[in-house]
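Order-wise, the sequence lines are chains L and P. Once you know that position 25 of the first sequence is 461 in my numbering, the rest is easy, because the numbers rise by one and skip nothing. Once you know that position 303 of the second sequence is 739 in my numbering, the rest is easy, because the numbers rise by one and skip nothing.
Be a bit skeptical, because a hint or two may be false.
Identical copies carry no separate label here, and so any pair may be met within one copy or between two of them.
[What the hints assert, rightly or not] Once the Cα atoms are required to be at most 30 Å apart in a straight line, the calculated BS3-like pairs of lysine-lysine come out as:
{"#": "1", "residue 1": "K574", "residue 2": "K543"}
{"#": "2", "residue 1": "K597", "residue 2": "K750"}
{"#": "3", "residue 1": "K722", "residue 2": "K569"}
{"#": "4", "residue 1": "K543", "residue 2": "K743"}
{"#": "5", "residue 1": "K641", "residue 2": "K574"}
{"#": "6", "residue 1": "K569", "residue 2": "K543"}
{"#": "7", "residue 1": "K722", "residue 2": "K750"}
{"#": "8", "residue 1": "K722", "residue 2": "K574"}
No wet-lab data here; the hints were simulated from the structure.
Number of protein chains: 2
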Amino acid sequence: MERRLLLDAGSGGRASQRLISSLMGRYFSNPILDVMDDAALLPAIDGPLAMSTDSYTVTPLFFPGGSIGSLAIHGTVNDVSMLGAEPLYLTCAMVLEEGLELDTLEKVVADMALAAEHCQVRIVTGDTKVVPKGCCDKLFINTTGVGRLRRQPAPSGHAAKPGDVVLVSGAVGDHGLTIMAARESLSLDGQIRSDSAPMNGLVAKVMEACPDVHVLRDPTRGGVATTLNEIAQQSGVAIVLDDASVPVHPEVAGGCSFLGLDPLYLANEGKCLVIVPEDQAEAALKAMRSDPYGQEAAIIGRVQEEKAGRVTLKTRIGGERILGMLEGALLPRIC
Amino acid sequence: MERRLLLDAGSGGRASQRLISSLMGRYFSNPILDVMDDAALLPAIDGPLAMSTDSYTVTPLFFPGGSIGSLAIHGTVNDVSMLGAEPLYLTCAMVLEEGLELDTLEKVVADMALAAEHCQVRIVTGDTKVVPKGCCDKLFINTTGVGRLRRQPAPSGHAAKPGDVVLVSGAVGDHGLTIMAARESLSLDGQIRSDSAPMNGLVAKVMEACPDVHVLRDPTRGGVATTLNEIAQQSGVAIVLDDASVPVHPEVAGGCSFLGLDPLYLANEGKCLVIVPEDQAEAALKAMRSDPYGQEAAIIGRVQEEKAGRVTLKTRIGGERILGMLEGALLPRIC
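Kindly generate the complete structure, drawing on both the sequences and the hints.
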C-alpha cells in the first residue's frame, strides 16, 4: 500500500511537525538546522557574500544521472560558485502536491541530503507547503545558497575582455537531451545521462590556479550559446566560438542530429564556462582537468573587440555564422 | 485584450530576458540586483547571520490587507527578524503558470517592490520559472532572506524560562479569517483585513528596550496556540495563556464564533510573540506599543516549570484547559 501525502502535512500543526521531523529533519540533520527556529543562525562569514536562488520544477522527477533532489543542490551550489565563491549554506523550501507518494518524497529528500554532503554544504533551514491535488505537479523545490567570496573583484559576466580565452569544463548538452529523451520516452542510441554535478571543487581549483578569472558562468537553460550571448552583452565584447573545439558526447551529437537540435542550446547542469586572460588559459585548463568533473575541459573560443555584443560560431567547414540567444521555448521544466 | 504569460518566458532565452528586464528588473532595481550575474555579491555582514526561507502559495492572490506579493516580503522579513536580527537582503524566485495574466504578475511584483522598500530590504537576486498550464495554480513565490544578528545569544524557541512573561504584538487571527472569508466568499460582519505587516521595526525596538529577549516567534500557520506549543516543547517549559488578555478584533471574534473557529489557531502574518523575563515585560510592552504595528500589544501569559511541554488556557470563566497544537488541516494555502 502506497503511503501518500495528506493536505494536513502543510497545516503548520502537528502533521507538519511529524512530516518534517521524520523526513527533512532526519535526512538533513546538522547542528544549525536542528535548532528549528524561524530562521537559521549562521556563524560569521568573513568578507563579502555570494547569494543565489533557484526553483526546480524539472519533470520527470528522476532521470538518468540525477533527480530533482540532486539537481536542486547542484544548481544552487553552482550558481553561488560562479562568483568564485565557496558555497556554504543552503535553504530548502518545498511545495508539495497533496497525494504525492511519500516514498517519492523520501527518495528526493535522500538525494538532496547525499548531494549536499558530497558538495560539503549544509541545509540550514527550510519550509514545506502542501497544496491541494491539481494545484502543482508533484513537487517543486527552491534552494537558496550563500557562500564566502574568495577574492575581489569577483568573476562577473561584465568582466570579459578582448583577447581573453573561453573554456568549457566538459561536453555540452547532456542534461537537456536526457530530460527530453526521458520526457518523450525516446530511445536514443547509447547511454545518455544528465551531467548534473557540483562545480564548487572545480571553481576552487581554477581560482587558485589563475590570478585573474574574468568570468565564470554555468550554461543552464538556454545552453552555452545563450550564456555566451549574455556575457557578450554584459561585457560589451564579441565572442568567437570554435564549433569543432566544443566537446559533445557522440550519443548527444547523434540524438541532436536525429531530433534537429543544436547541443549549444541545450541545458547543462554540471558545466562551467571560464573566461581568463590568454596567458592563464593553459593553467585554467589544467586546473579544470584535474577535477573529477572537468576531465573533458577544452578551450572553445576567444573574446574579441569588434562586433561587440555578438557571438559568432566558426563552423567545422570554415564558415562563420551568428549564434543568437535561444528564441522560443525549447523545453519547459528542464530544471 | 489581456496579455498573458507564454511558456517561452521560462526558457532561459530571449523571452526570459525580456520578461525579467521589463518586470522584475525594473521594479526591484538596485545596484546589487542590476549586475545580473548568476549570484548576487553582497557586502560583508559583520558577525553571525540569520537566514530564513518561505514559499508562498496563498490563494486568492489578492485579499483585503495585502497580496501574495506583500506577504512574500513580510513573511520572510519576519522570520529573519525572529532571531532578533536585522533583515537586509532577500531573494525572489517565482514559479509562474503559462497563461497567467501579465497584469496580475505586474501587480504582484509591484506589491513586492513596495513592501521591500517599506521594510528597507533589497531584493538582490531572483529566478523565474514558467510551467505549462495546469502544472501550478497561477503563481508561487519563494523569498529567502539574510540579516545581521544584533547580539548573542539570539532569541530562540529553546530559551523560554520559568517566570518569563509572554506578550503578543496585537490582535490575533486576522489573516487566517480574512483568507477564509475571501476564499469562501463569506460576508462576515465588519471589515476584516489581513494583518500582513513587517515586524522588523518592532523587533528592533524590543531588542533595544530589553537586554534579555528570550523568545521571538511569529505565529503564522497553526496560530498562537501551535507556536506556543512549539516553544513549550523546545524550551521544556509550560506556558499558561490567559484567554481574556489575548487581543482579538470584535469582527474576528464574531466571525470565529459564527464559523466555529478558535482565533488562537488562525494564522497571523504581522504579529510577534515575545517572551522576556518578568522584570523586562513592561519595557517590552512599551517598546511594542511604540511601533505602528504594535499598538494593540498585550501581556497574554506566563512561563511555568510544572507540566513542561504543555500549553494551558485559563478560560474567561475561570477554568483551565489544555491548548494543543493544531490537528488536521484548518485551511490549505493560507500563506
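Against the structure, the hints come out as follows:
For a Cα distance limit of 30 Å, the shortest separation of K574 from K543 qualifies both inside one copy, at 13 Å, and across copies, at 28 Å. For the homomeric pair K597 and K750, the shortest alpha-carbon distance inside one copy (19 Å) is at most 30 Å, but the shortest distance between copies (71 Å) is not. For the homomeric pair K722 and K569, neither the shortest alpha-carbon distance inside one copy (51 Å) nor that between copies (46 Å) is at most 30 Å. In the homo-oligomer, the alpha carbons of K543 and K743 never lie at most 30 Å apart, since the shortest distance is 49 Å inside one protomer and 39 Å across protomers.
Within a single copy, K641 and K574 get their C-alpha atoms no closer than 38 Å, and across copies no closer than 43 Å, so neither meets the 30 Å cut-off. Taking the closest pair of Cα atoms, K569 and K543 come within 30 Å of each other both inside a single copy (20 Å) and across two copies (27 Å). With identical chains, the CA atoms of K722 and K750 are at most 30 Å apart within one copy only, with a shortest distance of 24 Å there and 71 Å across copies. In this assembly of identical chains, the alpha carbons of K722 and K574 never lie at most 30 Å apart, being 42 Å within a copy and 47 Å across copies at closest.
Of the hints listed earlier, those the structure fails to meet are numbers 3, 4, 5 and 8, in rising order.
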